[in-house]
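*Asks:* Protein chains in written order, with UniProt numbering: chain A, 1 to 267; chain B, 1 to 272; chain C, 1 to 254.
It should be emphasised that the hints constitute simulated quantities derived from the structure, not laboratory data. Here the structure is a predicted model, which means the values were calculated and not measured. Careful: at least some of the hints might be erroneous.
Said to hold, decoys possible - Examples of chain B residues toward chain A, derived with CB under 8 Å:
#	residue
1	A18
2	Y19
3	H21
4	Q34
5	Y141
6	R144
7	L173
8	T175
9	T176
10	G244
Cβ atoms here follow ideal geometry from the backbone N, Cα and C, with glycine treated the same way.
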Amino acid sequence: MASVFTAPPLADNGPGYSFKQTPTTHISADGTRQHSFYPYTDNGGSTLGISGADFTILAGDTRSTSGYNINSRYVPKLFKIGGEGPEHTGSSIVLSVVGFAADGDALKERLDTVVKMYKYQHGKNMSVAACAQRLSHILYNKRFFPYYVHAILGGLDEEGKGALYSYDPVGSYEREQCRAAGAAASLIMPFLDNQVNYKNQYIPASGYGHDLQPRKAELLPRNTVEELVRDAFDSAVERHIEVGDGLQMMIITKDGIEEVYSPLKKD
Amino acid sequence: MNHLPQAWGRPRDDVYGAYDHSYFQTSGPKQSTQQPIVTGTSVIAIKFKDGVVIATDNLASYGSLARFTDVKRLRQFNKSTILGFGGDVSDMQYLDRLLLSLAIRENYSSYSSASDDTDDTSNLESLNAKNLHTYMSKVMYRRRSDFNPLWNQILVAGFGNDEKPFLASVDLLGTTFSSPSLATGFGAHLAQPIMRKVVPDEASVANLDKETAVQTIRDCMKVLFYRDARSMDKYSIAVVTKDGIDLKEDEKLENQSWAFADRIKGYGTQVV
Amino acid sequence: MFRNNYDNDSVTFSPQGRIFQVEYAQEAVKQGSVVVGIVSKKYAVLAALKRNAEDLSSYQKKIIPIDTHYGIALAGLASDARVLSNFMKQQSLASRLTYDRAIPLAEITARIGDRAQTNTQHYGKRPYGVGLLIAGVDANGPHLFEFQPSGVTQEMLACAIGARSQMARTYLERNLDEFEGATREELIKHALRGLKESLAQDKELTVDNTSVGVGGMDEPFKLYEGQEITNWLETTFENREGGAEGGESMEVDS
């Protein structure tokens, strides 16, 4: 066999290479050695999206990690989709991706190209619903070698209402009121359930036991949502090491996309 | 005696046995890099107000063996971009050839000299560091998606579309990021904290002068030599500014002090 | 009866060294309505005369914005132009994706030039029956390129192709010295005047039959049509008789 090419230069567990991604080697019972290259990594971070009556807000922290290292304190997870040129002038759709950043970038570029070609070929902007379904197809088509990301897509629907779609890595998707994804999703999502959809909130003195009336969810005003987003991330930063450095927010309204950056704790 | 041409220059089969062709097979299952073989260690770089400083040592290791001691791991592209390679050296050399062919294609094509009136080609807008980094990220991501990765982490230093100093990283998975200071490998643990003290954020880059940036990098190279077993004291350093690249490939670590060494405890046979 | 035996395909030379199919393709360009392009130090302008097949139909597309930094104007077979413009759009997006760079105009021109040339050297293929003006701005400044069905491309300071375009070229040659330093508005006026020169006696430029495309160092390439060009038409042809935005004047060329 071509062992001369594949044999490691040193001990079985490999030498102490000074960079990450040490090769993973499995040795079977019969002594054959199987090296494998693992094509994914987790770059940490968290994203969330909340839709309102006439707006959608997407937010994500800007930290990029590999293991315990911080790669950079500013790597955006929110991307404008469509619009004119590299600046996405006039765009009204935002994609957020969290997970494996390289896949996220590739996904964003594919979707952006699709939306731009749609505009070129049809002379009108793609609707969020169409874009959302297309994104699902892109993910599903690569289900045997998936884009390792949790995507959230936001915009305004054809009636001008806030629209928010969330995805799993292989393309299952659903329109929702709010969604948190990424490293701190399990920290943020219950908070959102409670504060956006009023889960576990009841109308005081509306009855006893099973007669107690749950508080009805309502569409939240924009400033309330912005405060919720900040609170969610401030809390996540405290409890999750992969979240921090900066908060990037994009607010989609009928006037376009407003981008806000504010600092988070860098520790 | 066999005088046929296929036997020329080969050990005699009757003495040494038949040649084992599996050592140089051209058929059989497709092979791809599953681990790096000859490797370079850290690359470190820092942005300052007028450009970028980047450095690597000149060592290529074979496992723990210091195999090649004069390997240049900083490669120049065009007149204002430097790439620093960490990881597999043969993949670095492949990428170097790839980049050379790109540079030739780019600079030789008719359109890069299309703007008539002047013979001076230096002011022509060719691929800058930003363009090159984007290209490298596509190459690396494509190769990882083919399960045939180029086993490197690369820092690209130069200038971006906005003419500001540019520094970004791409690795074998196609992951990209940019920061005022960057370090690969051990440098991410040892050098990055030192550099982040100098440039904690993008705004502080504008206040950093060239001398401080160079000194910071030199200090980091020293720390890395002290603590990274796969490093050496000969290194390359490049300063990229608007005036061009000042690349020195034969620097020695100066003013080393091993005075701290006898106070290190807890290793090997020394217990107390 | 005399019959040309050398024009059955685009791979056969005539004894005089001509390829008739390519020359016929160039005739198709001359059948298309006229388009004009000019560059100054800071701007690139395209102006085009649109035709409608009949009064009830819409006007054809003459200027197509491809990327934010450039667009094309076409004369000849619109469907061939659409194939080329789709190709150019893809190449432009690909350049932005792989290099994060707006594709240089000379490069995209060279690419369609190469594509057109292969059509003239393969049996069973047909040359593109369209000429293009490619105008816009890249890292080296404003550019105007001319593309012909033969695959010939050249950089121009000012250019006009299409039916009766010789009149426009004469105008452009006469005013060549003024282009380089011209302002945005002046350049557009020159383009419109050049366009007007090529019209038949009884025809006028109107908001319905005129398209203008402008790209500049600090402005993306944009197509202007309809009411957006009213002002330019009015200021360019101030002393023309009567309001010419009527039904009769829309019919141009044959």
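*Asks:* Sort out which numbered hints this structure fails and list those numbers smallest first.
*Replies:* 1, 2, 3 and 10
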